[in-house]
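Colleague: Sequence:
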Amino acid sequence: MSDILRLFGVFGAALSGKQIPIIAKSKLKNGLEVSTVDSTDCGPETAIIDKEGIVHVVERYESVEQAEEGHIKWMEHAETLKNGDKLTALGYGDLTDSEEVTISCSDALDR
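For what it's worth, the working numbering labels the leading residue of the sequence shown as 1, then goes sequentially.
Please note that the accuracy of each hint is not assured.
As the list claims (entries may be wrong) - In silico PhoX-like links for lysine-lysine, alpha-carbon gap of 25 Å or less:
| no. | residue 1 | residue 2 |
| --- | --- | --- |
| 1 | K51 | K27 |
| 2 | K51 | K25 |
| 3 | K86 | K25 |
| 4 | K51 | K73 |
| 5 | K29 | K82 |
| 6 | K82 | K51 |
| 7 | K82 | K25 |
| 8 | K29 | K51 |
| 9 | K27 | K86 |
| 10 | K51 | K86 |
| 11 | K73 | K25 |
| 12 | K86 | K73 |
| 13 | K82 | K27 |
| 14 | K27 | K73 |
| 15 | K86 | K29 |
| 16 | K29 | K73 |
Note that these hints are calculated values from the structure, not bench results.
From just these sequences and the hints, can you work out the full model?
Modeller: Here's what the structure looks like:
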């Protein structure tokens, strides 16, 4: 299935009110949130949500078990991030490329 058709499937699921299964979700002291879900289009994936509410998908997995382990890894990493640090956010199939993004979070002095 093409990436554009998968994307329309996501919108259809969202409009129907279907919930995406949450594997794990962690709110950190620096204002970041690590969210791991089993998405309808890309399968299990982990995202870091910054202080501005911007979602940055950082890793995708072959299984829920790998996603559970990955969530812990990304939670530990996200705890060390400071405002202005960079991450690679994954693209979406052939529609968007992966890109380096700047994270917005609370500085260590604000924690």
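Colleague: None of the hints should be skipped; say for each whether it holds.
Modeller: How the hints compare with the structure:
{"no.": "1", "hint": "K51 to K27", "in the structure": "11 Å, holds"}
{"no.": "2", "hint": "K51 to K25", "in the structure": "15 Å, holds"}
{"no.": "3", "hint": "K86 to K25", "in the structure": "21 Å, holds"}
{"no.": "4", "hint": "K51 to K73", "in the structure": "20 Å, holds"}
{"no.": "5", "hint": "K29 to K82", "in the structure": "11 Å, holds"}
{"no.": "6", "hint": "K82 to K51", "in the structure": "11 Å, holds"}
{"no.": "7", "hint": "K82 to K25", "in the structure": "20 Å, holds"}
{"no.": "8", "hint": "K29 to K51", "in the structure": "11 Å, holds"}
{"no.": "9", "hint": "K27 to K86", "in the structure": "19 Å, holds"}
{"no.": "10", "hint": "K51 to K86", "in the structure": "14 Å, holds"}
{"no.": "11", "hint": "K73 to K25", "in the structure": "13 Å, holds"}
{"no.": "12", "hint": "K86 to K73", "in the structure": "17 Å, holds"}
{"no.": "13", "hint": "K82 to K27", "in the structure": "15 Å, holds"}
{"no.": "14", "hint": "K27 to K73", "in the structure": "14 Å, holds"}
{"no.": "15", "hint": "K86 to K29", "in the structure": "18 Å, holds"}
{"no.": "16", "hint": "K29 to K73", "in the structure": "16 Å, holds"}
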